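Undergrad: Okay, here's what each chain looks like letter by letter:
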Amino acid sequence: MRRARSLADVVLAALCLWAAWYHTPPGALLRAAVARLTGTRDPTPALLSYYGAGARPFQLAEPLPPRAALSPGAALGLGAQSALERLSPAERAEVLSGAGLRSGSADALGDWIGREADKQGSREAAVLSLFCGEEAARFARQRASGPGLEELARQLPPRYEDRVALAATALTLGTAYALAWPLPDSAQVTSPFGVRAHPLLGGRRLHSGIDLGVSIGTPVRAVADGLVRRASDDRVSGRLVLLDHGSGVSTVYCHNESLLVSPGDAVKKGQVIALSGNSGLSTGPHLHYQLDLPQGPADPLRFRAARPPQLASGGTEP
Amino acid sequence: MQPGTDPGAGAFDATARVADRLRWFFLPLALCALVAVGVHTAADVLGELLLRMVDAADAAFDSLASRWAFTAPLVDLVGPSQRVFFARGVALLWELAADALLALPMLGYDERGDEVQRFRELAAKAWARPTTLHLVGPFATGAVALAGSCAVGRLLEGTLHFGLRGALGSAADALAHGCALAAVLGLVGFIAWRGVVHALVRADARSDRIPGGRARRFTAGLPAAVLLLPLAVAALRAAPLLSFLR
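Quick note, the sequences are listed as chains H and X, same order. Going by the numbering used here, the first sequence opens with residue 1, and the numbers climb by one from there. Going by the numbering used here, the second sequence opens with residue 1001, and the numbers climb by one from there.
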């Protein structure tokens, strides 16, 4: 009896060690070391990507430029198309044929994801279904306690890590493409995104957003549904609001005159969240609008078809 | 081989004998791995809480650093882009600290024949003279071991489901589900509870060394409680035990 139990214990111990190989930091380090020693490709994402904090491991993908204003469905289609560009032509064809699609265009992908979302119950499950297959999405959905991609991905075995990362990328880019604009389109870009000489702090620094010149008191609107993560005041960024839109996308609105929301508030797309101003380190009334993706700050104009007017000089507002 | 002996039974017996002799080696290793998997599972779902903590800390830091010109550039140190990175970094450090407190000590597990009796005696002693250490360690170990068992079960289920689906069709679903349920029950029944016993043994030994009265017995384990209790609650949230019964 004791020996039979020992055998069962050996099997269970082996299962524990196997799980630790995939589900602990030392396991991840060992896998990376083994992959390096054997010269094989390691699908293990970076160690810190294991912890759910808004987004799953993200594969850097070049966002395709939108040609026109996008509906949420078309935006997700374009996000999926951008993520598919990461795959080899053969892998891309496999994904498309798995979904029964002849074309990998943004419109076709957007329509397919919309239909699949009705079937699977959420857009996250639909995107997972596109990249990992319908069976994987069904398996994950039946066992997950929530509709988020993180929770769905936790149910899948490690072989899907790469594809889940692509699904996360598609959702992130799709969310970014669907963002509206915080101010009227007539607001002028007074300082674009990119490295510049900082007019007040000195030195060359990344300007992590864009500055839109507007008069004090102009309503600033949420660019999508989201959760207020931060509504605070400091002497550099002034009165700022940080909105989390899910899928690793957040937006920041700085230098406001007054804030109309508090941390923890849920906001709707188009809701007035602040009145613009000149607070913090600023040389004139403007809104600093910033788009953050898991890889870092991104130029919001890259995700927008309509171009707001720009100052000919490029501007120097902080 | 003696006449009439079944070679299959002989091999089984020999393997079982070897397994029995190696219990001192693989049981501590299994306990350590199971608790570590559970700790990781719990740390994984702490992301939301940690993001809120990082946001609040970042707002307070920015408010302070922006007051003086020479510290103003530090405001950009933790921008919105780095907040997720920091939250994940905190989760990793939290996990490693919890591993040091819960998982690594499991390597010192020393199996005895009367484990149930030992548990009863220690529980009675803890009930008569409770300390924070008595409560926190075993409770946290039990919670993360349960979460770890569910994580192992899910990994097994997913791997079998997708590995056998080509050969067995829809029967793979039932087989994978049955194996996962058996694994979870086996882990809880054969492995996880030993972790709780070992945590209780350690907590009892440390509690015996605490000098002074009731106040000291309460405060001695508070730092560990602050670290481990949120993780234990997260572990219980991350243990979808009922999903294996559906």
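Just so you know, the hints here were simulated from the structure itself, not pulled from any lab data. Computed from a predicted structure; not experimentally measured. Take the hints with a grain of salt, since some may be wrong.
Label-pair distances were calculated between CB atoms; the ranges are [claimed, not checked]:
1. X:GLY1189 x H:SER71: 52 to 60 Å
2. X:PHE1085 x H:ASP233: 20 to 28 Å
3. X:ALA1171 x H:GLY194: 54 to 62 Å
4. H:SER103 x X:PHE1012: 18 to 26 Å
5. X:GLY1010 x H:ARG2: 33 to 41 Å
C-beta: ideal position from N, C-alpha, C; glycine also.
Undergrad: Please go over all the hints and tell whether each is borne out by the structure.
TA: Against the structure, the hints come out as follows:
no. : hint                             : verdict
1   : X:GLY1189 x H:SER71: 52 to 60 Å  : holds (53 Å)
2   : X:PHE1085 x H:ASP233: 20 to 28 Å : holds (24 Å)
3   : X:ALA1171 x H:GLY194: 54 to 62 Å : holds (58 Å)
4   : H:SER103 x X:PHE1012: 18 to 26 Å : violated (58 Å)
5   : X:GLY1010 x H:ARG2: 33 to 41 Å   : violated (18 Å)
In terms of the numbered hints stated before, the structure departs from hints 4, 5, listed from lowest to highest.
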